[in-house]
Amino acid sequence: MRMRSRLTAGGTCPGSLREDVGATAILFAVFVRYDPDADAALWHWGNRSSSDNEFYFRYPSFQDVHVMVFVGFGFLMAFLQRYGFSSVAFTFLLAAFALQWATLVQGFFHSMHGGRIHVGVQSMINADFCAAAVLISFGAVLGKTGPVQLLLMALLEVLLFGLNEFVLLSVLGVKDAGGSMTIHTFGAYFGLALSRVLYRPQLEKSRHRQGSVYHSDLFAMIGTIFLWTFWPSFNSAPTMPGDGQHRTSLNTYYSLTASTLSTFALSALVGEHGRLDMVHIQNAALAGGVVVGTSGEMMLTPFGALAAGFLAGTVSTLGFKFFTPVLEAKFKVQDTCGVHNLHGMPGVLGALLGVLVAGLATHEAYGDGLGSVFPLVAGGRRSATAQAVFQLCGLLVTLTFASVGGGLGGLLLRLPFLGPPPDSQCFEDRIYWEVPGEREEEAQGSLGAEETDTRA
Amino acid sequence: MRMRSRLTAGGTCPGSLREDVGATAILFAVFVRYDPDADAALWHWGNRSSSDNEFYFRYPSFQDVHVMVFVGFGFLMAFLQRYGFSSVAFTFLLAAFALQWATLVQGFFHSMHGGRIHVGVQSMINADFCAAAVLISFGAVLGKTGPVQLLLMALLEVLLFGLNEFVLLSVLGVKDAGGSMTIHTFGAYFGLALSRVLYRPQLEKSRHRQGSVYHSDLFAMIGTIFLWTFWPSFNSAPTMPGDGQHRTSLNTYYSLTASTLSTFALSALVGEHGRLDMVHIQNAALAGGVVVGTSGEMMLTPFGALAAGFLAGTVSTLGFKFFTPVLEAKFKVQDTCGVHNLHGMPGVLGALLGVLVAGLATHEAYGDGLGSVFPLVAGGRRSATAQAVFQLCGLLVTLTFASVGGGLGGLLLRLPFLGPPPDSQCFEDRIYWEVPGEREEEAQGSLGAEETDTRA
Amino acid sequence: MRMRSRLTAGGTCPGSLREDVGATAILFAVFVRYDPDADAALWHWGNRSSSDNEFYFRYPSFQDVHVMVFVGFGFLMAFLQRYGFSSVAFTFLLAAFALQWATLVQGFFHSMHGGRIHVGVQSMINADFCAAAVLISFGAVLGKTGPVQLLLMALLEVLLFGLNEFVLLSVLGVKDAGGSMTIHTFGAYFGLALSRVLYRPQLEKSRHRQGSVYHSDLFAMIGTIFLWTFWPSFNSAPTMPGDGQHRTSLNTYYSLTASTLSTFALSALVGEHGRLDMVHIQNAALAGGVVVGTSGEMMLTPFGALAAGFLAGTVSTLGFKFFTPVLEAKFKVQDTCGVHNLHGMPGVLGALLGVLVAGLATHEAYGDGLGSVFPLVAGGRRSATAQAVFQLCGLLVTLTFASVGGGLGGLLLRLPFLGPPPDSQCFEDRIYWEVPGEREEEAQGSLGAEETDTRA
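If you read the protein sequences in the order shown, they are chains G, C and V.
Using UniProt numbering, you'd call the opening residue of the first sequence number 1 and step up by one each time.
Using UniProt numbering, you'd call the opening residue of the second sequence number 1 and step up by one each time.
Using UniProt numbering, you'd call the opening residue of the third sequence number 1 and step up by one each time.
Please note: incorrect hints may appear among the correct ones.
No distinction is drawn between identical chains; accordingly, a pair holds when it is met within one copy or between any pair of copies.
[Stated by the list, open to error] Here are the computed lysine to any residue pairs in the SDA-like style, where the Cα-Cα straight-line distance is at most 25 Å:
hint: 1; residue 1: K330; residue 2: T301
hint: 2; residue 1: K205; residue 2: G173
hint: 3; residue 1: K321; residue 2: R430
hint: 4; residue 1: K205; residue 2: E434
hint: 5; residue 1: K205; residue 2: H273
hint: 6; residue 1: K321; residue 2: P375
hint: 7; residue 1: K205; residue 2: G437
hint: 8; residue 1: K321; residue 2: D20
hint: 9; residue 1: K332; residue 2: G359
No lab work stands behind these hints, which were simulated from the structure alone.
Only chain G is shown next, with the shape it has when bound in the complex (with noise of 0.2 Å):
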């Protein structure tokens, strides 16, 4: 019992997180205001219809995105058998925590006024979407780090996420409105090198609760569910209004079916005796809300949104057969939830469809509407080639950033008075949780139970 709350966040977690949260509070304090859209000196309502409010203007909400955020990764990371409320649950501070800290890093990188950070809708939506690349990181380290570990974790990458972020769209010009390349790609190849830095050769240990129970399966179809219904709007929450929006809505729509269509086929054509593998229609099927991450606003044809997300779905789908062993056995990295098929690899297709859809672009293919995708091209400043070369700058960029910053990460996540949870620990609720039975009888006696347990 003494090793036990070693293991534990006990004593550091809190303080940690109390430090944490009253610093960013400074920072609030010093620098975030409300935007003047919901300031309520500023909103002159006399004189605006309340259409004229962005807030009523994106159809899209952050509501929209935050579902994605808390539901879809909340759950589909359940899937593990005995690590169920670590899933949901840390997933629901990190991204708490990613949001204010995002808030911060993203207003200072974008939006600071006079000295000011101004929030509202749009630095929600694009605080969310930070959130949504430390969860991605989450799932390639899930069940082998501990909290602080964690919190650490995003307070980098947050950081990291902020720079990149800045440095496609804001110095390169890149577009990458559902973030194939900010969210997917970092969040994925960040996580990647952090868990190859924290390599653990004795895993084995915990191997035999690294996989799901039937119901736990279906827990994580609930994250499936709902990140496939509000892909659309995750995508086209940051687009521009009008046609770009709605555009953005069709292709990741499209892509998404021809995705789930081309995982089923492919997980009846690999599996044992013709059988489908839930792991596959859980993730791989939501690969083409990846892919069309950059291009879903360009103007990729419906047909073109079918195609990458069959393209992606496949990818995909033999990533988790075939290259996720690999993956582990030669270049020891161990992905738990298979972010690298999920996320690193359909990003990396996307950032690259982006790259072509880019350089096809024509002022006949795009008329009036130029302007809002490309806006460097529309003016003149630069070719469509030109804006092609750029976009692919921004996926070495996100690429470099994210595992030379996963790297460092990984290093400092090994420093051993954060807690991580011993080889034969892992994937298990019990060390953070006081956790009660499976069943009615267990569950009355659950302390027995637990000692039983832990002494085995």
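Position chains C and V against the provided structure of chain G, taking the given hints into account.
Leaving out everything else, chains C and V in the frame of chain G:
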């Protein structure tokens, strides 16, 4: 083991899916284009405000309908104790397939412009509606059909749905916004006719699996509650913006509260020892949404909505208790989810209610709004009575299309190479899925457990 | 067996429900009419754009509030191991009943026009708010009351809710958009007073069922996450469109992140061996939404929202850990869900925060927006200090109504023919429901298992 691999989708499912996907993609490439509202070149930002874009105009968006279709239907069917994977995931497969295919079929019937199908928020909503009908039919045959059979069913049903919808809405000028006829009646009787043809006299062999366990009933309640919550948006999604959508939401909201209350009252009344039955709550409580599918946009009055919902909940609960057994014993129709009680009878009632309310329509009651609800009556081309007669014809056409189509579809689905599950393996995930155990110890030894299970 | 049938709702529940439904329907027929915005004859399409229709105007729609009420409260209460059916389904029953009844009661108090109650999106939101208060009270008595008792409770509570809301908003001119007072404080203390009167000294006999099992805690997290995600819409639904709703969303969003972080920190701090407790995460993390229910629409500042949320999460977690046991042992209040910690104390804190922020309101801080937040202050009819005093009176009135009303309600609920469950059968679905087994083999022999259970 050799036998089992023949039962499964292996070899057939991926092949047929690949062909489906390929054919659909080609058709998309040839025919499908963005709606002007989603097209960068055709949408003139400078000239129009975003509230002119239909995407923003329609408050209940395709996403709300998506939630109904994927979350609602998917989890509602997850009540079976050993068929949760298939219920949730085949919902996903069928809906994704139906969305693509319906885009083409409905586009062909409704929105060809210069040989092109224009897709936008309206086509997405229409396709989701068609997917809902397919999932209703799925409910009738749930657990007794393999994925290849289901895909073939969807292929046929989408075609026939498109034709029936075209005849009703465009030829007969019938009003059916929330689809009492086109979605619920059609989907239910198509599925029931199909189930009749696929009747299994030996289903007794799988009867021990045709029930719920405690937590599978809770998963099903996720479906119920999301269906209930989003149904006002579902019914109002295709109605006219303005008072029409507002009124449809109100009517659906009140009708659902009434069907919920009547379901509880009836369930306790007919239950042994006055106990409630979760099957009734999960299903009959929703009948209020079905019954106002046609008349929801009309001047039904709040009282009318309450009365309709009360009636629908009553009929539906009594149907589950008394009629479903008769349906199987006398009419040889095995209706797994009781779609006859939730969609069939309430759908027909809803159509008849539509006949009644249409027949009572007056210029006085609808004022200027008559044109948006009954354009033919407002334009003087039809009397209210004639509209009522046409509404009735719509119901008869729907019942004919559904039963004949479902019957013929059933004959096709009996083709032996489509891989139906054997009578002893119905309602069983294991023949299509890699299934983990129920609990940790079993999950560890799942292969062993599985052998034990199948030997038994 | 004979005994059990007396315990259940059989005979009483359907009867009382039928009468309720009948009486409500008659009242609807006499009094309830569509709002002009939902009336075909009164809405002039040609003259107004759809953005003039209040239905479109209000971004956070009644559907968002619906999700909070049905999904959120329903699943949050599903944590009990053997009371999941009742938690989810009685939520459904009570909310459906409350929505109808509140439409009449609130209509009587607020929106009678010429002897008619006009229903529209606003009345739907208001009724949902009232249903939320009923469900909060349900949380206090969860597992210890039968459905007939609950319906009677709802009947009384809705009446009193309408009266209290009328006194606060219309007589005292108190501001309470998100309902810190009218919903949370009222619902919590009404339920607690009721629970006090219904105190069961022998509840120990059912104590072994008053806990969660592993997967029931995950079902409860569905409720938590949807409440968290939709709370910004809940609080902003009734505030003024424009900057008001925008600001309310922001404040709620930040307050929730802060209460989440403080809940994790405190839970680990007070937990044995630093372990976290799911009860805290499921509940206290939401206290941030409650605490800004009054002040969310005011110029609280983002920092103020963070501080409020932090405080609420702290108080709530400490309440669960230390105060709930005292409440039962010393004050004889058995609070099943800990509504005192999630709604009671944070609600009172929220009301006091409203007093403070209202007292600090200046023309400078609110500019032209003062009229929409504090119309009486802007109109010169009240000073900010007077508004603060009225806010405080509102809290006292609410506490009085809630405790006196709840106490009297409790006396009524003790009437013996209302069929309360016996002390040994609390927190048990089996007396109200046909319950299948937990697992397949049990489900097959569920009747046998049941007999064994009830004999024990």
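Inset, instruction - Just pull the numbers of the violated hints for me, sorted ascending. - result: 1, 2, 6, 9
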